[in-house]
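Chemist: Please model the entire structure based on the sequences and the hints provided.
2 protein chains.
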Amino acid sequence: MRVRKEDGAGGKYMMDFLRNHIITRFNSRVAEISLDEFEDSTDFDVDYLLTTDSYVVNPPIFPGGSIGSLAICGTANDIAVKGGEPAFLSLSLVIQDGFEIEMLDKILNDMSQWIKKIGANIITGDTKVVESNIDIIANTSGIGRRNRHLERNLEILREHREYPFKWIRDSGISPGDLILINGGIAEHGSAVMVAREELDFHIDVKSDVYPVWLFLRDAMDVGGISAMKDPTRGGIAACLNEMAEKSRVGILIEEERIPIREDVKSFCDVLGLDPLTMANEGKVVMAVHPETADDVLKSLKKAGQRDAEIIGYATSEFTEVVLETSIGTRRIVPPPVADPIPRVC
Amino acid sequence: MRVRKEDGAGGKYMMDFLRNHIITRFNSRVAEISLDEFEDSTDFDVDYLLTTDSYVVNPPIFPGGSIGSLAICGTANDIAVKGGEPAFLSLSLVIQDGFEIEMLDKILNDMSQWIKKIGANIITGDTKVVESNIDIIANTSGIGRRNRHLERNLEILREHREYPFKWIRDSGISPGDLILINGGIAEHGSAVMVAREELDFHIDVKSDVYPVWLFLRDAMDVGGISAMKDPTRGGIAACLNEMAEKSRVGILIEEERIPIREDVKSFCDVLGLDPLTMANEGKVVMAVHPETADDVLKSLKKAGQRDAEIIGYATSEFTEVVLETSIGTRRIVPPPVADPIPRVC
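The listed protein sequences derive, respectively, from chains A and B.
Take 1 as the starting number for the first sequence in the numbering used here and just add one per residue.
Take 1 as the starting number for the second sequence in the numbering used here and just add one per residue.
What the hints contain is simulated information worked out from the structure, not anything from laboratory work.
Just to be clear, a hint being listed does not mean it is correct.
Just so you know, same-sequence chains aren't split out, so a pair can sit in one copy or run between any two.
Listed below are the simulated SDA-like cross-link pairs for lysine to any residue, each with C-alpha atoms no more than 20 Å apart in a straight line [stated by the list, open to error]:
| # | residue 1 | residue 2 |
| --- | --- | --- |
| 1 | Lys12 | Ala195 |
| 2 | Lys106 | Arg330 |
| 3 | Lys302 | Asn20 |
| 4 | Lys116 | Val322 |
| 5 | Lys246 | Tyr163 |
| 6 | Lys206 | Lys298 |
| 7 | Lys5 | Ser132 |
| 8 | Lys5 | Asn133 |
| 9 | Lys5 | Glu100 |
Modeler: Listed below in C-alpha cells is the structure:
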C-alpha cells in the first residue's frame, strides 16, 4: 500500500486517511476541542489555541502573493475562524539547495508585510536545506489568543440562544442561522493554475490571500457568529459540508447569491472545474444568528469586503448541502473526494 | 545568489544566513526571550514556551529510531532544555506520493510510543502529499509549560547566586559552573551515516534519540542547573561554543572525560570526522552550579544515564571553548561552520 495524492488533498479521502493513520494513534483532548473533531485550530488552555500548516504551493510565487503570504495568512486564518487573535507564530523553512536568494527574499518580504499587518510576531523558527526538488516548503504553527472581540461575539450570541462553547466552533450552527461569505470564490485556485503556465489561455486573476482577522474583529464586535471556516482545499463545497455535518444541520445555498467574478466563472467552466470546489485563501464562510446577520454583513462591507453576501441558510429540513439555482431547481453539493488541483496551498 | 547546503546546517554559515534573511525581518520579543537570541524555544507567556522543527532526515528509518522518534523527541527536547514540560505538540506531515504505508505506520508508531512516554499530546495537525522526492518531512511544533521541577531548579540556583531569568537560558552560565553531559556522543550522526549504506564498513551503533525531559525532571529537582542545550546539528562543538558565547565565558573540557563509545570513536577516526561535531539526539550539555553538580550527576545516573559525566567547567580566564588532552595540551574547539553530514535530523 502506498500513500496517494488524494490522501493529502483536503477531501473525503484525506479524512479517511487521517482517521485510519493519525487519529487512531493520537486522538486527544486537553481542553475543549479534540483532535478527531478536525477543527482548524485546537485550544490547550482557556486563553490559547494552537494550529499548524505546511505550505507546499507550486509555484512558490503566483499572482497576488507567494508561499510567504500563504504561510502567514493561512495559519492566522486557521486561528481567526475559531475567534482567536493570531498572536505568535513559528516559522520553519525547508529550502532546496540552490534556491534563488532573490526569490527567498521576496517570499520573506511577503511574510514580513503580513505579520506586521496582522500585528502578530514570529517568535521561533527552524531552517533546513535539502537536495530534494521541493523549491521551498514553509511550515507555520500559530498560537491564537482569547480576545475581547470573541468574548463580545459569544455574549451577543448567547442573548439569543444557548451556545455551549468557549470558542467559535464548526459544530455551532443552529437551524435558521444565515450563511455568509466575505467575497468572490475560486480566485486562489484559479490564480495558482494560471501561474503554472500549463494552460493555453490566461485570465488576469490574483490570489485572494488575506488575513481574515482584520475584518473578523469588527464582525465579532457586531456578534452572533455561531461558526466560521476558511474554504481552502476543497473550496466552499468541502467547507459547507464539514460545517453541516458537524452541526447536524442542512445548508441551502442560492447559486446566484454566491459571489464569483465572471471571468473566474468562465475560466472554471472552460476547464470543467466546479468553482465550489476551488481553493480560496482570504475567504470565510460564516454562520450567523438571523437577528444579527444583516449587521454582520454591513460590518464586512464597511471593513472592505465589498462583495460579501448572505448566500443561504441552515435548516433542519434536510442534512445535506443543497444548491438552489436561479430557476429554482435544487441539487446536492457533495463533499469533494479530493482537491481538483494538487499543491494549491 | 543561491541558497547553499551550509545555510541550513546548524553552524556559523547558518547563523549568518538567519541573521541576514530572517532576523532582520522578524526580530521580536513578546516575553523574556527574543528571536535573535536563537534559543531552542521561546516564551510567549509567563507559563508557556513555543518551539518548531522540521525533520528531513535521510533515510527516514535508521537504527534506533526514525523520523517519527526524532520529530517527537527532538521538539520535546528543545522545550525541556529551557526547563519547560513538553505538553502540547502539532504534527504536520509532507509525504511523497507513493510513500509506503507500512513505513509511514512504523514512523507514526514511533511517534505514538514517544509522545505517550513523555506524557504529552498531539493536539493539531496537517497533512500534504507532494510529488517531490522527499520521502517524508515531518514538522512538529511544541508548547512547553512551566512546572514545579523548573521552579525548584531556579529556587535552588538562586540560593547560590543571582539568576535573572524565568527559564533556563543559554546565557545563564557563570564562571565556575561545571559542564555535564548525560552520555556518549556522536551516536546519532554515526547511526544515520551507517544507515545510508554508502560506506564499506559498518558498526553496530544506534541513534541515541530519547526525550531528555524524562531525566531532566529529576535533575531539576536536585537543582542548580544554569544552562542546558541539546547538541544536535554541529554536535557538542557547536553547542558549547553557543553557550560560551552567549554566557560570555570560556569553557574548558577534558578530552578523556567526554563519554564516547570506542567503536564510535574509531568509526569517526577512520572517516576523518570529529566526533565533537557529530549530531546527538538524546543528549544534553548542562552547566550546573559547582555545589550541586555532583548531586545532579548522581540523579542522571540514577535515572538511567549511566555514562553521564562532568566533562569540564566554565571560566572567566578565556572566552573560547578549549579542549585539554590527557597529556595536558590544549586546543581551541572552533564552532563548526556547518554540519559534517547533511540531513541528519
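Chemist: Next step is simple, just say for each hint if it's right about the structure.
Modeler: Results of checking the hints against the structure:
no.	hint	verdict
1	Lys12 with Ala195	neither (27 Å within a copy, 37 Å between copies)
2	Lys106 with Arg330	neither (46 Å within a copy, 47 Å between copies)
3	Lys302 with Asn20	neither (44 Å within a copy, 40 Å between copies)
4	Lys116 with Val322	neither (40 Å within a copy, 43 Å between copies)
5	Lys246 with Tyr163	within (15 Å within a copy, 50 Å between copies)
6	Lys206 with Lys298	neither (25 Å within a copy, 63 Å between copies)
7	Lys5 with Ser132	both (18 Å within a copy, 12 Å between copies)
8	Lys5 with Asn133	both (17 Å within a copy, 14 Å between copies)
9	Lys5 with Glu100	between (28 Å within a copy, 13 Å between copies)
Hint compliance for this structure: hints 1, 2, 3, 4, 6 are broken, all remaining hints hold.
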